[in-house]
Amino acid sequence: MSNTNEYSEGAPPLRSEGRGRLDLIIEEVKTSEGQIEFQVTPDPRRYERVEADGEVCYIDRFTRVMFPIRLFQDAISTLPFYDLRPRIASTVDYAQERASAVEDELAGESLRSPSVEPARHREMQSRTTITSTPFLSLDICRSTELRRREPASFDRAAEILLREMQILVGQFEATILKATGDGFIAYLPHPAFTRQCDLIVDLGTSMIRMARDSICPMLHSSGLPRLDIRIGADYGQARFEQKTNAATGFTWPHVDSDALNLAVKIEQTARANSLRIGSSLYGLLHVQWLERATLIPTEDLPPSFNGYSVYEIG
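Mapping the sequence shown onto our numbering, position 238 (from 1) lands on 238, and the numbers just tick up by one.
These are computed hints drawn from the structure, not numbers from a lab. C-beta: ideal position from N, C-alpha, C; glycine also. One thing to keep in mind: the hints can contain errors.
No farther apart than 35 Å at their CA atoms in a straight line, the calculated lysine-lysine pairs in the DSBU-like style are these [to be verified]:
1. Lys243 <-> Lys178
2. Lys265 <-> Lys243
3. Lys265 <-> Lys178
Across the chosen pairs, the derived CB separations fall in these ranges [as the list claims (entries may be wrong)]:
4. Arg49 <-> Pro297: 16 to 22 Å
5. Ser110 <-> Ile69: 58 to 64 Å
6. Asp93 <-> Glu37: 35 to 41 Å
7. Ser153 <-> Pro297: 33 to 39 Å
Could you put the whole structure together from the sequences, leaning on the hints where they help?
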């Protein structure tokens, strides 16, 4: 979205590399002769209608950006539409299914595959690519302490938990970038940047719920350590490149991205069983997620954030 104005009252305006989103209410108003007509209006949960310089405008209640209605009308006629959604219908039902499968596995049975097949892992392409994408960083809390106390039991519990979280990544059409000790980094490549952002937050909240309410309690009841996870996420441009050491033949994926670095830093500030996101991701989310977001006070963040806003999704 371009030609927007910063509205000075309330929270500071946000920017996401020149991108923005429109949250719309779409209603069918007439059907005739095989054609369907719709009425499209800005979602009143997100926008306040005002007049500025004699022109009808909308103010985003969350990002404090104001834009004229003509910009909204132009966008409606040119925006592409994508169908990007989770493969699973219910996180709660899926989590119960997987907890039951893991419980049987620990009892000596063969591990059952998910009833819904996840997306296959996609390797980074060998050529250099530059794109914008959301990143998610997951880590197991207090892993060093827990491994020191019960090394074998912790490793078994962590292996199962991370495996199930990685399968869940595929259920949300995302893919793993790399492992990070007792965690991993995932991202979601897709041209629909607003759906990308909604799904990465949906994935993060689903991970928290599944780990906290199903997998971790079941592992603990089976005699393994009780684990907690924390997650950070952000959105931005990334330069992907496959690096090679010609002398040894070693290859590895290399990513230059402030968004990736911020996702990891944000994850390190998160409480156990919580999801935190950066303002670049926040500014591109649907209103249903914005209504669940709480701004983290600046004094509760490391000085290295330099005033960059961080939110927790409840």
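Exercise. Going through the earlier hints one by one, which of them does the structure break, listed in rising order?
Worked result: 4
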